[in-house]
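Residue numbers (full-length UniProt numbering), protein chains in the order written: chain A, 1 to 441; chain B, 1 to 263.
Rather than coming from a laboratory, the hints here were simulated on the basis of the structure. Some clues are possibly wrong.
[Stated by the list, open to error] Stretch by stretch, here's where chain A covers chain B in the computed footprint (C-beta under 8 Å, at least three residues):
hint, stretch
1, 51 to 61
2, 249 to 257
[Stated by the list, open to error] What follows is a list of derived Cβ distance ranges for each label pair:
hint, chain 1, residue 1, chain 2, residue 2, range
3, A, G111, B, E119, 56 to 62 Å
4, B, E119, A, P429, 29 to 35 Å
5, A, P429, B, K242, 14 to 20 Å
6, B, E133, A, N416, 41 to 47 Å
Each residue gets a CB set at the ideal place from its N, CA and C atoms; glycine is no exception.
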Amino acid sequence: MQYIPNILFILVLIAGIGYFTKNVRKVIRNIRLGKDVDRSDNKGERFKNMAMIALGQSKMVRRPVAGILHIVVYLGFIIINIEVLEIIIDGIFGTHRIFAFLGGLYDFLIGAFEILAFLVFVGVVLFWIRRNVIKLKRFWNPEMKGWPKNDGNFILYFEMVLMTLFLVMNASDLQLQALGADHYVKAGAYPVSQYLLPLLDGMSETALILIERTCWWLHIVGILVFLNYLYFSKHLHILLAFPNTYYGDLNPKGELDNLEAVTKEVQLMMDPSADPFAAPADDQQEGEPEKFGASDVADLNWVQLLNAYTCTECGRCTSECPANQTGKKLSPRKIMMDTRDRLKEVGDNIDKNGSFVDDGKQLLNDYITPEELWACTSCNACVETCPVSISPLSIIIDMRRYLVMEQSAAPSDLNNMMTNIENNGAPWPFNQMDRLNWSNE
Amino acid sequence: MSETVKVPTMAEYMAEGKRPEVLFWVGCAGSFDDRAKKITKAFVKLLHNANVDFAVLGTEESCTGDPAKRAGNEFLFQMQAVTNIEVMNAYEIEKVVTACPHCFNTLKNEYPVLGGDYEVMHHTQFLKSLLDEGRLKVEGGKFKGKRITFHDPCYLGRANNVYEAPRDLLRKLEVELLEMKRCKRNGLCCGAGGAQMFKEPEPGNKDINVERTEDALETKPDIIAAGCPFCNTMMTDGVKSKEKEESVQVMDVAELIANAQDL
């Protein structure tokens, strides 16, 4: 009977980690639905970007208030998780504070965890105030209604509860240590939770043990629930920020990618010796001609899909977007949210049917409208500001490519511009032979 | 304003069996837009002044394809690019300078993969290098002490991380250089990029160029300096819509330098 808690703990742990693993595999499979793009070059520069941008939070602090609060929560989150290691060992073997033998170091660690837990709590409360009381504009854009708004708040409540449980657990432990209760070794320093002691004053040892055990269990179960919540929320960035900054585009921001398929066609057109009626060579597959641009998630590349899962909907992109600031429908954040929502839908479709069965929907029109796409000035403000190297612009351009090259659905002004370029080599209707007239006007 | 400037073409150089040190890529705006033509001329005067051995492609130049690519027409872009690259490679061009950040970005970043590999400079970078080499003299002049704010073109700034060359030139004019609240990597777009120049904006509550002009006017400038013919148009329109054209001018950095010395 005495091993029931250990067995229960191991079962909970396996269930929590197992379900999370299952969903991570889904995320990876969905990302792999994207087209291939080679990002295996420049490993040194990529590691440096990951170290600076994800680990070092270099772009977060460009907005100092949110940046510093974020670093507090981020550091707290990572460091307090060292404590989880002890919790897991204690849980499996039925020990209590197994690392207590570390002595002074243990006191230091527990003390540091407590201070961080308190700072995280404060940081999260301030984040909540920014969202719900100050109502920063970027958290109240149209795309933030319903689930995205609640999702943001749920995560903050989660953190508040987890930090409170941690501190109450420590306070009751401290009180039990003072009472000399069995099993509760004298260990650790409690610079924060000592102030909670008056709340526990006069409680019996049994009641204290009940509180301590409840907090311990809720804390570890809470962490597992939080881990599994990530898959359903915008919060995957705590994991994906690292690969996303690693695989980010290293080219100058102004450089749009080259479409190889088009290059082949253009070479053929420009080659005077090419036979336009030639049958394809035997080794060439005469499959469906390649689709130009993107109308659905599978037309995007895997980095763009990774971008979509990484986005945490902070809205810095949208708040910097010139189109959005002047009342246009375009919101770069919504481009990322739509891409992820559609990718999730496609993934669920595959789970249900074994392989993708046409659902009569696509990313274009059903999620993202041409009006949004045509409002972009390609100014790169969204790309520059994103704290985790996401490029909404690359998706916008790929979808424009589909509209223009597959559907000839550009706005008529742009069709005129393109006709001019085709006919006379300038976006306006001037004769190419007049190109040097300026020199003697 | 009828004034002829001497502009040699690559074909003329070729006929003489010579090659210039740099190709001046004029661009569509610089060739056809009445306002931008003045910038082109100012830059040519500076080139002559610094004894730069340059040539243009003239009637052999064609749109780089930038607006087509940004509008999503990769076919048209690549057709333009391949044609231009053929011409430039035939002339064995090595170095290109242009006064348009869109041409600059496209030639520098998007032509190499299609076989066009050149050293490409924006005219502010090129002028800065002439200054550093002592070939161009810039000092004080008629804009000394004037309040000037520089609007970063997206395709020079964020797109290619060039922020200092135009500012260094303005400092040389001993002007009072003012920064807008949104500048350099945070600079707000003028609204022309991504082929927006050639279409009406989508429905909204304001035009982007007006929003940006307000940023500029907040600095209480005498002159808004630009480094792009399209930004120039957008900011000029913005100043007009604010009815400030009597007191605030929009000028290209090259024009400021040329005018300062009454070239």
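Against the structure, the hints:
no.	hint	in the structure
1	51 to 61	holds (count 4)
2	249 to 257	violated (count 0)
3	A:G111 to B:E119: 56 to 62 Å	holds (59 Å)
4	B:E119 to A:P429: 29 to 35 Å	holds (33 Å)
5	A:P429 to B:K242: 14 to 20 Å	violated (31 Å)
6	B:E133 to A:N416: 41 to 47 Å	holds (44 Å)
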